[in-house]
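K.L.:
Chains A and B are the protein sequences, given in the same order. Position one of the first sequence corresponds to residue 1 (the working numbering), numbered consecutively onward. Position one of the second sequence corresponds to residue 208 (the working numbering), numbered consecutively onward.
Worth double-checking, as some hints may not be accurate.
[Said to hold, decoys possible] Simulated restraints on C-beta separations:
hint : chain 1 : residue 1 : chain 2 : residue 2 : range
1    : A       : 196       : B       : 247       : 19 to 27 Å
2    : B       : 343       : A       : 43        : 48 to 56 Å
3    : B       : 323       : A       : 154       : 40 to 48 Å
4    : B       : 263       : A       : 187       : 37 to 45 Å
5    : A       : 165       : B       : 243       : 49 to 57 Å
6    : A       : 113       : B       : 267       : 46 to 54 Å
7    : A       : 137       : B       : 282       : 48 to 56 Å
8    : B       : 329       : A       : 40        : 39 to 47 Å
9    : B       : 286       : A       : 150       : 39 to 47 Å
10   : B       : 386       : A       : 40        : 31 to 39 Å
11   : B       : 243       : A       : 154       : 49 to 57 Å
12   : B       : 251       : A       : 44        : 44 to 52 Å
[Said to hold, decoys possible] Within a straight-line C-alpha distance of at most 27 Å, the following computed DSSO-like cross-link-like pairs (lysine-lysine) qualify:
hint : chain 1 : residue 1 : chain 2 : residue 2
13   : A       : 162       : A       : 70
14   : A       : 162       : A       : 18
15   : A       : 162       : A       : 93
16   : B       : 358       : A       : 28
17   : A       : 70        : A       : 28
18   : B       : 358       : A       : 18
Treat the hints as calculated values from the structure; they're not laboratory data. Virtual Cβ for every residue (Gly too), placed ideally from N, Cα, C.
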Amino acid sequence: MTSCAIFSAASYIEAVCKEIDHLADQTKGVFAELGWDPVYDHDFVVEDTQSDLRYARRYLLSRAYRNQRKPAELVLHFDLFRPPSEGVWDGAKTALLIVGYSPLIGDGGWDAETLAPQDNGQMTDSNAREWLSPTLSDRLMVWNRPTGAADYARAEWLFAVKLSEITDIDALNRMVILPIRSLLNTGGEPETALETANAIQWPEQAA
Amino acid sequence: MLHAFNQKNARRIFQARASEHKPEKSEDAATSMVFTPLAFMRAEDALECLIAVLGAPGREAVAGRHPIEHEVIFWPQGQAPSWNGDGPTRCEPDLVIHFTFEDGSNLLFVGEMKWNWAMEASALAQEVKRERIAMQALYPNVPQMGFVIAKCAYNRIAGVTTLTWKDFDSRLAPLSRRAVRSPSGIWATLVRRFLAAADEWGFSGIPMAAAQASWDARPAFFRTASPSPGWPALSIEPAWNIRPAFWTVE
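Here chain A stands alone, though its shape is the one from the complex:
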């Protein structure tokens, strides 16, 4: 017990970060059990001068979808804080887990900046704002996807959920694992999975 609010806040963040580590490990374990052959990228770090409260884990998946030929990338971006900005958004002033996927075709791939939203739901990176558009009831943002295409295993996308709602292992399955599986597996129902996960709805991005 302490009367020092700073110590208390720092202790709480330490505890959250510890569980974030366990969450990422657990997620990797599930990917391994699914046979996706996840490999952790030790070199992927978040460098952000605006906030120290961003953490990311990047995994390369070799067998996540049928006929996969090269490793795909899955990034778990823990976005605990962002400066305030003009506008209203479902995810404003909320710690988020942003899940980014890329089949790594050509120059594709996520980094900490392209996965970082402002507090009004507009992506920080201008390139990301130009090429991302919301779909599936605005719960998924897809990069430059031709209209009508539904093969999400071969598209770059991201979705976000509220970190505070991942309160146990069942919530992790419902909010993170199942949406990813539904997006990468043919026959999955990603729109339903994202709704069940209570994934954040994104606004149209202003280029």
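Position chain B against the provided structure of chain A, taking the given hints into account.
P.N.:
Relative to the frame of chain A, chain B by itself:
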């Protein structure tokens, strides 16, 4: 054992005689530490612990029935066809918990625990199958609920629930957080402290408040310090306990 390990920093579990020690003693110790308390609980509390860990398969097997009696047996000696198909040989699962209910058939939980040994999946499946046969002979006509807990993850093995120790820890988290003290809640809390110290702490949920946040940063299994390079004839023992918990044969 849990209290001694958690509160008294007890790390020496068996006599450190190299001739007696085998790595699988760690497995036996972990099995006993985790599951012995269930022997001292009421049947319904012990069943609550198992259901929390096994989840839906356990609930379906119990189907809401009320237990009136239970018995916890470690390493029951049974017999099953040998690995090479010859005559029966000894077969003993790590743990068997036998429940009697007010109505319906009895139920047998059969547990196999692995600690440091990463057994090959097909071999584990064969071992689990032998254990099922052995227990069918000891407990005829009693439905079985098999489970495996190991450090490494296994793909589905027919007829059993497979968990890592981290999964196990994650499933204990809700039980340990209940506001009302109960035997199952106390058990879950103590076991989680052990698993945290053993670095087998799973994801238990993003804490909602500082009060929920706790972890044990102390290393569970210490390495013996090597002699100081400047003074080969002199070994300086650190102030803290450097003796390992589970001895290995050098």
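K.L.:
Does the structure keep residue 358(B) and residue 18(A) at a Cα separation of 27 Å or less?
P.N.:
With Cα atoms ~20 Å apart, residue 358(B) and residue 18(A) stay inside 27 Å; holds.
K.L.:
Using the Cβ atoms, figure out if residue 323(B) sits within 40 to 48 Å of residue 154(A).
P.N.:
holds, 41 Å
K.L.:
Taking 49 to 57 Å as the stated bounds, is the beta-carbon spacing between residue 243(B) and residue 154(A) within them?
P.N.:
Distance hint for residue 243(B), residue 154(A) holds at roughly 53 Å.
K.L.:
Using the Cβ atoms, figure out if residue 137(A) sits within 48 to 56 Å of residue 282(B).
P.N.:
holds, 54 Å
K.L.:
Do residue 113(A) and residue 267(B) keep their Cβ atoms within the hinted range of 46 to 54 Å?
P.N.:
Check passed, 47 Å falls within 46 to 54 Å.
K.L.:
Is 39 to 47 Å respected by the C-beta to C-beta distance linking residue 286(B) and residue 150(A)?
P.N.:
violated, 56 Å
K.L.:
Quickly compare the C-alpha distance for residue 162(A) and residue 93(A) to 27 Å and report which way the hint goes.
P.N.:
Between residue 162(A) and residue 93(A) the Cα gap is close to 10 Å, so the pair holds against 27 Å.
K.L.:
Is the gap between the beta carbons of residue 165(A) and residue 243(B) within 49 to 57 Å?
P.N.:
The hinted range 49 to 57 Å is violated for residue 165(A) and residue 243(B), with Cβ atoms some 36 Å apart.
K.L.:
Are the Cα positions of residue 162(A) and residue 70(A) separated by 27 Å at most?
P.N.:
Violated. Residue 162(A) to residue 70(A) sits at ~31 Å, over the 27 Å cutoff.
K.L.:
Does the Cβ distance between residue 343(B) and residue 43(A) fall inside 48 to 56 Å?
P.N.:
Since the Cβ atoms of residue 343(B) and residue 43(A) sit about 52 Å apart, the hinted range of 48 to 56 Å holds.
K.L.:
Given the hint that residue 358(B) pairs with residue 28(A), does the C-alpha gap stay at or below 27 Å?
P.N.:
Given pair residue 358(B), residue 28(A) holds - Cα atoms ~14 Å apart, limit 27 Å.
K.L.:
Between the beta carbons of residue 263(B) and residue 187(A), is the distance compatible with 37 to 45 Å?
P.N.:
violated, 23 Å
In this structure, the hints that do not hold are numbers 1, 4, 5, 8, 9 and 13, in rising order.
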